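Number of protein chains: 4
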Amino acid sequence: MSHNTFGKNLRFTSFGESHGSTIGCVLDGFPPGMKITTDEIKAQLIRRATGQSRHTSQRKEKDDVQIVSGVFEGVTTGHPITLLIENTDARSKDYANIAKQIRPGHADYSYWKKYGIRDYRGGGRSSARETTMRVAAGALARKWLKQHYDINIVAWLAQLGDIKLQSGDLNRVDDSPFFTGELERVPELDAYMDQLRKSGDSVGARIDAKAVNVPAGLGEPVYGKLDAELALAMMSINATKGVEIGAGFEAVSQNGSLHRDEIIDGQFASNHAGGILAGVSTGQDITLSVAFKPTSSLRIPGKSVDIDGNAIEVVTKGRHDPCVGIRATPIVEAMMALVIMDHIMRHKAQTQSNQL
Amino acid sequence: MSHNTFGKNLRFTSFGESHGSTIGCVLDGFPPGMKITTDEIKAQLIRRATGQSRHTSQRKEKDDVQIVSGVFEGVTTGHPITLLIENTDARSKDYANIAKQIRPGHADYSYWKKYGIRDYRGGGRSSARETTMRVAAGALARKWLKQHYDINIVAWLAQLGDIKLQSGDLNRVDDSPFFTGELERVPELDAYMDQLRKSGDSVGARIDAKAVNVPAGLGEPVYGKLDAELALAMMSINATKGVEIGAGFEAVSQNGSLHRDEIIDGQFASNHAGGILAGVSTGQDITLSVAFKPTSSLRIPGKSVDIDGNAIEVVTKGRHDPCVGIRATPIVEAMMALVIMDHIMRHKAQTQSNQL
Amino acid sequence: MSHNTFGKNLRFTSFGESHGSTIGCVLDGFPPGMKITTDEIKAQLIRRATGQSRHTSQRKEKDDVQIVSGVFEGVTTGHPITLLIENTDARSKDYANIAKQIRPGHADYSYWKKYGIRDYRGGGRSSARETTMRVAAGALARKWLKQHYDINIVAWLAQLGDIKLQSGDLNRVDDSPFFTGELERVPELDAYMDQLRKSGDSVGARIDAKAVNVPAGLGEPVYGKLDAELALAMMSINATKGVEIGAGFEAVSQNGSLHRDEIIDGQFASNHAGGILAGVSTGQDITLSVAFKPTSSLRIPGKSVDIDGNAIEVVTKGRHDPCVGIRATPIVEAMMALVIMDHIMRHKAQTQSNQL
Amino acid sequence: MSHNTFGKNLRFTSFGESHGSTIGCVLDGFPPGMKITTDEIKAQLIRRATGQSRHTSQRKEKDDVQIVSGVFEGVTTGHPITLLIENTDARSKDYANIAKQIRPGHADYSYWKKYGIRDYRGGGRSSARETTMRVAAGALARKWLKQHYDINIVAWLAQLGDIKLQSGDLNRVDDSPFFTGELERVPELDAYMDQLRKSGDSVGARIDAKAVNVPAGLGEPVYGKLDAELALAMMSINATKGVEIGAGFEAVSQNGSLHRDEIIDGQFASNHAGGILAGVSTGQDITLSVAFKPTSSLRIPGKSVDIDGNAIEVVTKGRHDPCVGIRATPIVEAMMALVIMDHIMRHKAQTQSNQL
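Protein chains in written order, with numbering that gives the first Met the number 0: chain A, 0 to 355; chain B, 0 to 355; chain C, 0 to 355; chain D, 0 to 355.
These are computed hints drawn from the structure, not numbers from a lab.
Computed from a predicted structure; not experimentally measured.
Heads up, some of the hints might be wrong.
Since copy identity is lost for identical chains, a pair holds within one copy or between any two.
[What the hints assert, rightly or not] Computed cross-link-like contacts, DSSO-like style, restricted to lysine-lysine with a CA-CA straight-line distance of at most 30 Å: (1) Lys99 <-> Lys59; (2) Lys99 <-> Lys197; (3) Lys59 <-> Lys142; (4) Lys99 <-> Lys34; (5) Lys145 <-> Lys347; (6) Lys99 <-> Lys347; (7) Lys142 <-> Lys61; (8) Lys347 <-> Lys34; (9) Lys197 <-> Lys61; (10) Lys142 <-> Lys347; (11) Lys142 <-> Lys41; (12) Lys197 <-> Lys302.
Based on the provided sequences and hints, a complete structural model is requested.
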């Protein structure tokens, strides 16, 4: 659970830069015996793909994923599953002008200080392109969770700038590029985004998510708590600035008599806990929220320095994506799936439980 | 970084139950050559101790910490440092009446589902008593960070229920039991707490924290990001429901032209990032916020079940602590220290940097 | 699996120095629900204790182990199990004369180069006293393996200096201080040891071991192979210089037609593999051998230097143990038990197998 | 350090099956700033390639390695370095006849019991083809160790069946396909191998290795000892049955007065320890030996069963490699390099040493 590997019994390692030849991942520890096709993985990749709507970046990637190991005759073997995608729309020449720039709000400064060298092409390793592989690996975890526990995971846009949204009909979040269940508000969102793009500015987003049918008993006190590892997972996604479980920051002003979820007639009467007590799942829905910052790639000039220390102004040319948070929706789902599946495996290892 | 161990090159393992004979921890990987005394550790333990004010639980623990390994002639040796505290005020008889109760909002339900057995005395392993050892180990990390990098870490009460507080004079947070720099508002806080205690209810808290003088370059993209591991650390503390880095959830409604921290005259002009870009520190202050839920141990009866499934009402007798979040302040500091020190070690391992 | 922690789903952390106040360990991830008493642990500790025969060191330790966490009302809870033993016969004054000596063949030189500081009292952390905790933790693993899989683990003295021994009656290895099943050869061994002690010199030993009833399927290709982790475990024991699985170095001169274990009438016709093929158990007995070097603590003077670089002669005074390898027998068994139990847990995590 | 990942601060993950489309590895945590070319990696791959001499298997692989991430403009960036090789000579049809066979001495039985499914084409994941990636990653580690510490690692054939070899001129081990420094004995070895191949049988091998100029202080007591992790590394290589450090099993019959390496005139007078005391390097040469079993793929029929339990005879057709151990030589070197480099990084993390 460090550098480029995530998880414990189910371990996910990603690699590749935005403009390298190939990005990929290794999913290690996955159970043998599950059928999987590249089409099932692509179905998830399309959900996060760029170029799907007029609000996202113009980069066109086919995301033509290949399974190069760990699957034999269409079935997982228990050996490391490797997924590869060739970058086809990575034109390095586009980035020559930023080779020396420190773009405000980007990895440029911190990576340069850390490594003394940086792949400036499209953000290199810091690019959200890396999250493609999370979604790809998440597709396998989601299928397994559905097959074995009927677990469903869904995330949706809960706030876009100042616009707050209800969950609406969560069966329909894939019906618009906004991942909202309030489809009737899509015109409002469209108009907001168009206005934003015209201004050359960007805005943040809040994504809410839940996992349904997660069995009670998942989570490893006290440093592998389910909520703690969900927080790690979410905060590892590009542009994240906050994570809440259940009531989140609202719990600060709640009274205990409200917050504690009483059990009435054998049922939890509320779910302020977000389905997790003391780091362990209760069987209620796992609920969480994630805050994404506005992208720093703007047409509005920003003051900065170059790597030689000269004052510069940075301007992002070409069409840009005024709210990167929206497309994080399937990434949030994928990370939830990977965390929950890993915890099922860890729980089984210790308890030999027949319940799970 | 799982079950009861936290960290990578600096590894912290805690053990012990609220009402067991002994709690303790092992701090492994700590550098050799640092002087440390039990008094230096106790100075931190006193800050989180119960029974310090009329607002906290009455449990009286001397927290008489012993160093039983890893320190020779007052100096760390590079071998595992073990700290032990005997529980002296653990009267198990007090808890006999709750042996079968599932207290709402506590670990009772989820632990019971997970393990099929639970140490019901004072919450067993789920008790906040475990955090004593985080503060103890944190004392060593804080001393090392101060000695080698002049890093200072301070946390303070930023919100108590609906009462929002400014940072005030952070040099004075230890001057009241509220860990506030706004000492002039202590009477207001006292009155609020007295009222709350009379009502038998509880409330949540928000703790803000910052680390000053953290060098640029700490954090391990993309799954060991500094912010991601801080989120893991904070969310592993009892009663946490949310974590923010820098602007946190405010970033959702911020524009990118505001959020991105421009560099003007060679200086960052703002710090919405909280000192971390793309998971790596920038040299600015590391800033974060943590939400703590209200305790569920109330004099107000709560509906629940017992382990046989019978409907019951749960009432916590005796004096209680109406806001457990306040005392989390030194725990937040300790976890920040452990995370930052671990990251310095990890960074050195990879980069052989002369800068750090 | 680094510094002072061993294992993955079952994690063992030991701490404490030879002459510190306390040694101990934390066994994390152990399943809930197993009964365990200190007497069961002590029964194993007595087997490795010093002072049991005239051939071992005179240090008298009661090894009065306490269980201070993770066991409630005599049953494991799933939380970290901590075992502590106070050192009662640790007279530091005995060691003052070696504070500056670099004893040949000991940790003195390498620890001093590594840490720049060393606890010279009885070898500090490098002392075989640490192995007490391996045996203590191993007692829990052995009980669990016996209860759940009827697995038996036994080790025995296979070679003492030039004297080679057969396995003999392995039910009787505890009937002499030599851990031999060839009880009729005990007088020969006694005479050899008496002669050796008179000469002031020491000798090495080879310990053989096997685990019976280990299910097929344990081991995690390709870097968590069962044989690879057994090698790690054995080589982590003090004074080890070699490890063999199955035929070991004899396989070098074997032909493939002999070495490969044919299956005749549905049974393996031989076991040159030592019960492990491609890193995964086959269901045959797991067999291994471990080489222990002769102790370097001798009455015969040895040339060395002190920490100031002066040439010195080092002599170990008092009674010494001319073959430290013999007492390693229960340690080998304990480490096998910890490795095998960890692998059962890891296998269950991935395969959800009903077979195991 | 489990399943398909090896190492701690320097982490190596391999993936891919013998007859999958691609094999590869991810080397994570590697320092930024080192120049590397595919030609430097290929130079090592050629040393282990099949089809180089008449004594090895006929499989012809070009081992045309690509660097697809972690290197920018020819220099390592600090991000995960991914190496890929496409399998070009993987004709699955050749293996159809063994789809149901349990070949004696191979992974067939244990993998099938473990996973309930197996990629039978060329051994799938259990094939020695996986070791290609160890050699590839090892090429980077070797270059770094040479550049920063002038460390040289060399392995050689020390025993072929009953034929024992001296180290000879270790500068010339690459001058014959036998990796021997005793070039004058190559005709003897050739004759032995030809005779063996004619007989349809195989034989084992012992490979010796040493690392020169390794600084003192490497190794992490007590579960990350340098010798313990070298044993893990060696025993993870296909066909290994034994590992020795320094004197190895000879230490069993040595006296302590011989074995302990005295320091005379400020120099170690011998090196029975193999450069490691108490798990930590001393600055002497690190020396070790590895035993490889004879291959089980023989023209001589072997009795076994198929996966339906029917008794069968297994015969390997076509040209075979009568001693697979010989080609393990560069693999042993690569694993030594990866272990030593990881330990340098781990040591730096803890000690901030200026010495290293």
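Right, here's what the structure says about each hint:
1. Lys99 <-> Lys59: within (26 Å within a copy, 45 Å between copies)
2. Lys99 <-> Lys197: within (28 Å within a copy, 63 Å between copies)
3. Lys59 <-> Lys142: within (27 Å within a copy, 38 Å between copies)
4. Lys99 <-> Lys34: between (47 Å within a copy, 21 Å between copies)
5. Lys145 <-> Lys347: both (17 Å within a copy, 20 Å between copies)
6. Lys99 <-> Lys347: The answer is between: 26 Å across copies meets 30 Å, while 51 Å in one copy does not.
7. Lys142 <-> Lys61: within (22 Å within a copy, 37 Å between copies)
8. Lys347 <-> Lys34: both (22 Å within a copy, 20 Å between copies)
9. Lys197 <-> Lys61: Classified as within: same-chain Cα gap 28 Å, cross-chain 54 Å, threshold 30 Å.
10. Lys142 <-> Lys347: For Lys142 and Lys347, the Cα distance is within 30 Å both inside one copy (19 Å) and across copies (20 Å).
11. Lys142 <-> Lys41: The answer is within: 13 Å in one copy meets 30 Å, while 39 Å across copies does not.
12. Lys197 <-> Lys302: within (21 Å within a copy, 54 Å between copies)
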